[in-house]
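Start from chain A and add chain B according to the hints.
There are 2 protein chains.
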Amino acid sequence: MEHPYIPRDLKLPDYVPVSLPQSTILAVYGLASLLVVSLVWLFSGGSRRLNKLDRLLMCWWAFTGLTHIILEGYFAFSPEFYKDKTGFFLAEVWKEYSKGDSRYAGRDTAIVTVEGITSVLEGPASLLAVYAIAKGKAYSYILQFAISLGQLYGTLVYFVAAILDGDNFAMSPFYYYAYYIFANSFWIWIPLLICIRCWKKISLAVQSQSQSQKKSKVR
Amino acid sequence: MEHPYIPRDLKLPDYVPVSLPQSTILAVYGLASLLVVSLVWLFSGGSRRLNKLDRLLMCWWAFTGLTHIILEGYFAFSPEFYKDKTGFFLAEVWKEYSKGDSRYAGRDTAIVTVEGITSVLEGPASLLAVYAIAKGKAYSYILQFAISLGQLYGTLVYFVAAILDGDNFAMSPFYYYAYYIFANSFWIWIPLLICIRCWKKISLAVQSQSQSQKKSKVR
Numbered sequence: 001m002e003h004p005y006i007p008r009d010l011k012l013p014d015y016v017p018v019s020l021p022q023s024t025i026l027a028v029y030g031l032a033s034l035l036v037v038s039l040v041w042l043f044s045g046g047s048r049r050l051n052k053l054d055r056l057l058m059c060w061w062a063f064t065g066l067t068h069i070i071l072e073g074y075f076a077f078s079p080e081f082y083k084d085k086t087g088f089f090l091a092e093v094w095k096e097y098s099k100g101d102s103r104y105a106g107r108d109t110a111i112v113t114v115e116g117i118t119s120v121l122e123g124p125a126s127l128l129a130v131y132a133i134a135k136g137k138a139y140s141y142i143l144q145f146a147i148s149l150g151q152l153y154g155t156l157v158y159f160v161a162a163i164l165d166g167d168n169f170a171m172s173p174f175y176y177y178a179y180y181i182f183a184n185s186f187w188i189w190i191p192l193l194i195c196i197r198c199w200k201k202i203s204l205a206v207q208s209q210s211q212s213q214k215k216s217k218v219r
Numbered sequence: 001m002e003h004p005y006i007p008r009d010l011k012l013p014d015y016v017p018v019s020l021p022q023s024t025i026l027a028v029y030g031l032a033s034l035l036v037v038s039l040v041w042l043f044s045g046g047s048r049r050l051n052k053l054d055r056l057l058m059c060w061w062a063f064t065g066l067t068h069i070i071l072e073g074y075f076a077f078s079p080e081f082y083k084d085k086t087g088f089f090l091a092e093v094w095k096e097y098s099k100g101d102s103r104y105a106g107r108d109t110a111i112v113t114v115e116g117i118t119s120v121l122e123g124p125a126s127l128l129a130v131y132a133i134a135k136g137k138a139y140s141y142i143l144q145f146a147i148s149l150g151q152l153y154g155t156l157v158y159f160v161a162a163i164l165d166g167d168n169f170a171m172s173p174f175y176y177y178a179y180y181i182f183a184n185s186f187w188i189w190i191p192l193l194i195c196i197r198c199w200k201k202i203s204l205a206v207q208s209q210s211q212s213q214k215k216s217k218v219r
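Sequences listed follow chains A and B, in order. Everything in the first sequence is counted per the UniProt record's numbering, starting at 1 for the first residue and increasing by one. Everything in the second sequence is counted per the UniProt record's numbering, starting at 1 for the first residue and increasing by one.
Here chain A stands alone, though its shape is the one from the complex:
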């Protein structure tokens, strides 16, 4: 069957069309994410030490970590997802997403590289961040900074590689803006805010430590 993706000359032998409606795919991902976020919010509410921002960050790290591991992990290690005949949900997700960026169905090297790194390294690290915030670990800020910077680097590679290759991978402006631009934008502005916050927290901690060291030398 002929595939619907752009560019039209992309070769996808034995392509099987997406079988679930767009609304179903979005609803399953949305509701599953909402469930995860609600559970983390509920359980973290039991701790007195955690303020609302900590709990919000735990929700983000649980959501993004599971997205990296399950959704992006499936993609990275399933080179033939576009041939799936069973209507398997994760294959459906990437068949649908490829409408906004056919480099996924086409198995572009830059995409598979970034998604592999994201799913294998940043996914588990994100779940570690949930734990680190919950337990108030000293490495919590530097860990969150490291993952967020990795996410920013990955998203930058994602967009720069698309521009270098002609930026013509979406079926229509709707898919271009809804999938390629809007969906990915969350992995720009959220990591950016987290990086800025961690940078400030860490710089302050280093500064106060070096000042207290100077004081103890004077004594």
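You may find that some hints are simply not true.
Copies of the same chain are indistinguishable here, so a pair counts whether it falls within one copy or spans any two.
Claimed, not checked - No farther apart than 27 Å at their CA atoms in a straight line, the calculated lysine-lysine pairs in the DSS-like style are these:
1. Lys135 x Lys201
2. Lys200 x Lys137
3. Lys215 x Lys135
4. Lys135 x Lys85
5. Lys214 x Lys11
6. Lys52 x Lys214
7. Lys215 x Lys52
8. Lys200 x Lys215
9. Lys214 x Lys135
No wet-lab data here; the hints were simulated from the structure. These numbers come from a predicted model, not from an experiment.
Same frame as chain A, but now just chain B:
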């Protein structure tokens, strides 16, 4: 003229062969780097506050920063360097290096993306790190951590993309191990050591700050 690179079916119309001998190219890069490192070592020796490790790190950041900006910056923005007839040194460098990795001459998307990010963002940030260490800025550790993590991410993309594309870009095992493996290995183990050191320093500073906050609450 026919190019010498692997794979043999790589298209490089109007290719002009490398004109400087390998020894000259390596000597110029080596001596220029030695000059930079010596100058930074000498000038940083005037400050009492800087220990030998600080000064060594300043040398590294000056060397890697200038390599990113000049060498990699030239590559990222010179798509036709392999056509250069003038024997221009930076074009010669990349004609020579392409013997170990023809993705440079072939303008592979993942390579150009990573080199672009490295030269534009990590290059200037590395020079900022020289300044930050010299002045003992509080953001010194987190800045060094950020650049090193970026370098590690870039090198990881570099190697993973090569493997996905068949890992067959070197003219011979000599060029494979000397250029592709050995030369790049510096941008794995040095950033890795810096990341580990900064992670520890930062975690300690955060820990001591949170402890002193607890103490002041008890008072």
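> At most 27 Å between C-alpha atoms: does Lys200 with Lys215 qualify within a copy, between copies, both, or neither?
Replying inline: both (22 Å within a copy, 22 Å between copies)
>> Regarding Lys52 and Lys214, is the shortest C-alpha distance of 27 Å or less found within a copy, between copies, in both, or in neither?
In response: between (35 Å within a copy, 20 Å between copies)
> Between copies, within a copy, both or neither: which fits Lys135 and Lys201 at Cα up to 27 Å?
Replying inline: both (17 Å within a copy, 20 Å between copies)
>> I want to check one pair: Lys135 and Lys85. Are their C-alpha atoms no more than 27 Å apart within a copy, between two copies, both, or neither?
In response: Neither: 44 Å inside a chain and 62 Å across chains, both beyond 27 Å.
>> At most 27 Å between alpha carbons: which applies to Lys215 and Lys52, within, between, both or neither?
In response: between (34 Å within a copy, 24 Å between copies)
> How would you label the pair Lys200, Lys137 (within, between, both, or neither) given a Cα cut-off of 27 Å?
Replying inline: Both, since 17 Å and 13 Å are each at most 27 Å.
> What label fits Lys214 with Lys11 when the C-alpha limit is 27 Å: within, between, both, or neither?
Replying inline: Neither way: Lys214 and Lys11 sit 66 Å apart in one copy and 62 Å across, limit 27 Å.
> Within a copy, between copies, both or neither: where do Lys215 and Lys135 come within 27 Å Cα-Cα?
Replying inline: So Lys215 and Lys135 pass the 27 Å test across copies only (19 Å; inside, 30 Å).
>> Reference check for the pair Lys214 and Lys135, CA-CA at most 27 Å: within, between, both, or neither?
In response: For Lys214 and Lys135, only the inter-copy Cα distance (16 Å) is at most 27 Å; the intra-copy one is 30 Å.
When held up to the earlier numbered hints, the structure conflicts with 4, 5 and fits the remainder.
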